[in-house]
Amino acid sequence: MNQDAGILKDNALRSTLNEIMPKALTRREFLKIAAGATAATGLAPAVRSIVIEPFVHPPEEELPGQATWYASTCRQCPAGCGIIVRTIEGRAKKIEGNPLHPLNRGKLCARGQAGLQVLYNPDRLKNAVRQSGGRGSRQFEPLYWPDALDLLRDKIAALSGAERLAFLGGLMPSHAYRLTARLLEALGAAPPVIYDLQSALEGRSAASQLSLAFFGAPDLPEYDLSQSDVVLSFGANLLETWMSPVAQSAAYGAMRQGRMGRRGLLVQFEPRLSATAASSDEWIPVKPGAEGFVALAIGRIIVEERLGHVGSHRSQAVLYQNVDVRDMSTASDVPVETLRRMARAFADADRAVAIPGGYLAGQRNGFSSMLAVQALNLVVAQVGRQGGVFLSNPGPTAALRQNPPVNSFDEVMDLIRRMKAGEIDLLLVHSANPIYELPAAAGFAEAITRVPFVVSFSPFVDETAIWADLILPDHTYLESWGYQVPSPGADRPVVSSQQPVVRPLYDTLAAADVLLGLAARLGGKPADALAWQDEASYLEETVGELYGSSLGAYDARTPSGFWALWHQYGGWWSEKQIRREPELTDVVQKPLAISDPQFEGDPQDYPFHLYPYSSITLTDGRGANLPWLQEAPDPMTTVQWGMWVEINPTTASALGISDNDVVQVESPHGSLEAPVVIYPGIRPDVVAIPVGQGHQDYGRFAQEVSGSNPLTLVAPVTDPGTGALAWGATRVRLKPTGRKQFLARLESLDGKGRESLD
Amino acid sequence: MTRWLTLLSLLIVASVVVGVILTRAQVFAAPEQPIAYNHQSHVEAGLQCLFCHTSALRSDIAGIPSMEKCMGCHNIIATDNEAVQALTSYWKQSQPIPWNRVNQQPDFVYFSHQAHLGAGINCETCHGDVGHMTVAQPVVKMDMGWCLDCHLKQPENKIARLADCLTCHK
Amino acid sequence: MAKDANHSIESDRRWVLVVDLDRCTGCQACVVACHAENNVPVVGEKQAAYGRWMHWIIIQRYWEGEYPNVKARFMPVMCQQCTEAPCEPVCPVFATYHNEEGLNAQIYNRCIGTRFCGSACPYKVRTYNWFRPEFPEPLTEQLNPDVTVRTRGIMEKCTFCIQRIRRTEIDARAEGRKPADGEIQPACVQTCPTNALVFGNLDDPDSRASQLARSHRSFRLLPELGTDPGVIYLKGSETNA
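So the protein lines, in turn, are chains A, B and C.
The numbers in my numbering rise by one with no breaks, and the one at position 483 of the first sequence is 483.
Position in the second sequence (first residue = 1) + 758 = my numbering.
Position in the third sequence (first residue = 1) + 928 = my numbering.
Simulated from the structure, these hints should not be mistaken for laboratory data.
Predicted model, so just to flag it, every value in this text is computed and none were measured.
Wrong hints could be hidden among the right ones.
Said to hold, decoys possible - Reference listing, derived: stretches of chain B covered by chain C, where coverage requires no fewer than 3 residues with Cβ under 8 Å from a Cβ of chain C:
#1 851–857
#2 911–925
Claimed, not checked - No farther apart than 20 Å at their CA atoms in a straight line, the calculated lysine to any residue pairs in the SDA-like style are these:
#3 B:LYS928 with C:ASN1027
#4 B:LYS850 with A:VAL56
#5 A:LYS576 with A:SER226
What the hints assert, rightly or not - Some chain B residues flagged as far from chain C (calculated, every beta-carbon gap over 10 Å):
#6 LEU769
#7 VAL778
#8 CYS881
Each residue gets a CB set at the ideal place from its N, CA and C atoms; glycine is no exception.
Using the sequences provided together with the hints, build the complete structure.
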């Protein structure tokens, strides 16, 4: 460093220094002062004053310093796993799986583990608020709850007709749905419309309709993976986000190494190698939407060549009447030899099962594809057999659950249409974020401007709550009562209980209590229909219906004893395994349909298929406000705090793109920019984008991530067979922008042709 | 100049010595409490340590008795006493008494009352003759050296565990 | 301090973690559970991009092959609790040492942050607090009181959830018994949905961990370095017979 430069050139400073140190110090003097200064640090006081407060009234079950555990239900995804929460002196410290719960048996996934950050999130609403500066102003004025409820009552009373009231729900707990449906019915209003993105990406409503068509009941199938020897998974991301990932993962582990001398095989058919495919023995990159063709071909081969050991396939021949294996092979991009190999393995196995997954449901031919896959289970006689497919068995819990589980996208579009036409004067939104979760092209953002008054129950200010006039924040799930009938279920009837593990932190109110308070204020039929004092009494009465069942895992001598055990166990389930053997409808006596997939966008203009997939950490975006989940690396790309577009290496090199380049992704409906991840496990004609980022609201952790929501690209088209959103049916094109954005990856890009940070 | 500096250094050293003496004295001083609770009178009345500090036997922390426990007796006993009246006024307002902590370890130390009581150590060993104290005060600086003095005097077969850093450092 | 390849005779416990790679699906449940249990800080996108993330357990993902014959494999990696740990001799203040139950201990208040241990570790499983961790209120309520909240300048790593080991041992001793096999479960082991992680006492030949360690599928990471790790991996893609 240049000695002339630096602070001593500054004359003002120099004169100050001269005052303090009139002449240069000798070394001895310097050391004396230094020693003294060091010793002077010993003058700092060694005692601090800490206040400890005793309990005024000590809780009976607590021992200070020891943890108390409360059983409840996780609500981070639709699965409904049982949890136990460790609390110390009224603070929740750790969530674990409930070891007694038949669904997850003590295990819990990353999202469940992150639940504490929902409860203790710094961006929660602390009271009921009005958006006083108008929608989108982000100016909130707190309201007293009685005033808020009066306001809502007035709005309902002022409606010119009950058909002008609409309720849009998402991942509502079963009990809340029941109560809501009851209130709306008493008012003469339409039943709740239920839509949530995670369920759409998992194909829940499609799966339910498939069950109805194939098995004659809308209950979701339960696949007995732990006892299978060969599992053919068609687009089912069963180890990451599909249906009941914890239960399926536990079964997967047992399938692999839980049986001496026996190791099950997993084959994954999908266009992008998911973490499930990474765990599989073979990944087959099928052309998007052609998975059903693969299943048809396999079925045809088994029947035609009389493979396997279940006896005659004569009765199944009709199913494959119109199937030509070569055609199916060409249409799906899977060589005939591979199809044969799969058919042999599937048929020869002692116990095999085929699983129609979420990816299939997201295509426009989803229904027929899923039917074709499910038919394979019939061909190897695995319907209702160990290692095969069963139907979720609600048993005595059937009365407690919501039915139907999830509405079709068509019904959501109908609601949007009514909103746009000015037919809705009051919209209530609970546990849903439609502005974020619906394809932008569905037009919800425009439709909501036509609704004069919007109420949100969200505990966070999310993209939809910003468009609400009134926000009545619900408790977060760790502060809530309730129950959830898991769907798909376990190997026996089960319903999961929910109880607050801590006192509600803020002046929030349970949505069920809001509805009960509202009903009381409205009087008349609503008050009669919802005659309970509060949510807890409603629940106690409702679950009391299980008290009389002799199937239960525990015995109670009195109803209030049952209520106590219900909470201590974490729900009710049957003591013994009771699997329900499905019946088959006459759909198995007709040829299976062969319907081609259809895509939005001309292949010339839009050469790639877009695959927006649910992220194992962020789910459908609901996990984006939790720092633990944002920082947890994505299993396949190892990216933290980011979103990206995955491109096949050959495609990338043809386009002159490499890792971290920002590309514009454009569909016929929208466009976004995203950094690239070169992804070996994806078809050259497919690009994949994880769902979950691109939040404009929802709190600091969600908003500080630069990213986009791939739902802005998705075409609002449906599968005519199910009415479900065909989110996988959009084509896109890519354009390099010349810019770079470095993703926070766990792995280094060294040795992949470039350094990770320049 | 040099003299001035020497005097300054001596002054600093003297301050340090006085400061150390004063702070060590502070360690042994009883912190002021919002109510002048008298251990001696309660022990003379027949109370055992574990009657109030119940969780010491089964938990890491000994705990401070809840207001409910105090009022269990003081609803009717010694109600004319000034301290009891102060207690009652806290109770009536449902306010916990803000006691000042007497014994405290830093965050990186793990101490378990349960383990020590389980090993047969009684309260006076570490806390002194609390039965003859009025306001509770610390009798010894509970630093690591003091803990190790006792840990290293234990039977041979236990020393490996008791001298292991991980036993007390979390 | 003299050291031999085996730990002290006095203890009958040698804690090991068995990782079954045929079961691991890379789901990150262990990563989040570890953060929650051990007060591991979150550093944010910028610092994570610099490699200053603090995860005590990471799932390494390896690609094999080329499209369409692509495979991906997962390997969870955490502190290997090496018997011959390279990180121990290099610490100038003895903040890290090997305890008699096979754990590589890290004592936070002793650490002065020279980071020699992180350099010496061949598995690169030690993480350093470059900044003071932030827990915006009320996220402070989530902090586990059984684990020190570290500050800037301190090295940290997987401890096999020593707080759980210690707690179970104390509770068991209060009942006059030893902990049963499987009773002590670090956070990652407890939550792992596929049961890929097993924790146990290698000195007990009947423990599940010991049995799995004897499998023909077992191997250790970087054995040629002679670290003698306490983490045993089981190869994937093979039957267990």
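B:LYS850 paired with A:VAL56 [C-alpha distance capped at 20 Å]:
Holds, because 10 Å separates the two Cα atoms, which is no more than 20 Å.
10 Å cut-off, C-beta based - B:LEU769 kept clear of every residue in chain C:
Its Cβ never comes within 10 Å of chain C, the nearest being 31 Å, so this holds.
State whether the coverage of the stretch 851–857 of chain B by chain C holds or is violated, taking the criterion as 3 or more residues with Cβ-Cβ distances under 8 Å.
violated (count 0)
Within 20 Å, alpha carbon to alpha carbon, are A:LYS576 and A:SER226?
holds (18 Å)
Find the nearest Cβ of chain C to the Cβ of B:VAL778 and say whether that gap is larger than 10 Å.
holds (22 Å)
Measure nothing beyond the straight line between the CA atoms of B:LYS928 and C:ASN1027; if it is 20 Å or shorter, mark the hint as holding.
Cα-Cα ~14 Å, so holds.
Does the claim that B:CYS881 lies off the interface hold, with its Cβ farther than 10 Å from every Cβ of chain C?
For B:CYS881, whose nearest Cβ neighbour in chain C is about 17 Å away, the distance exceeds 10 Å, so it holds.
Per the coverage rule (Cβ-Cβ under 8 Å, at least three residues), is the stretch 911–925 of chain B covered by chain C?
holds (count 7)
In summary, the one numbered hint that this structure violates is 1.
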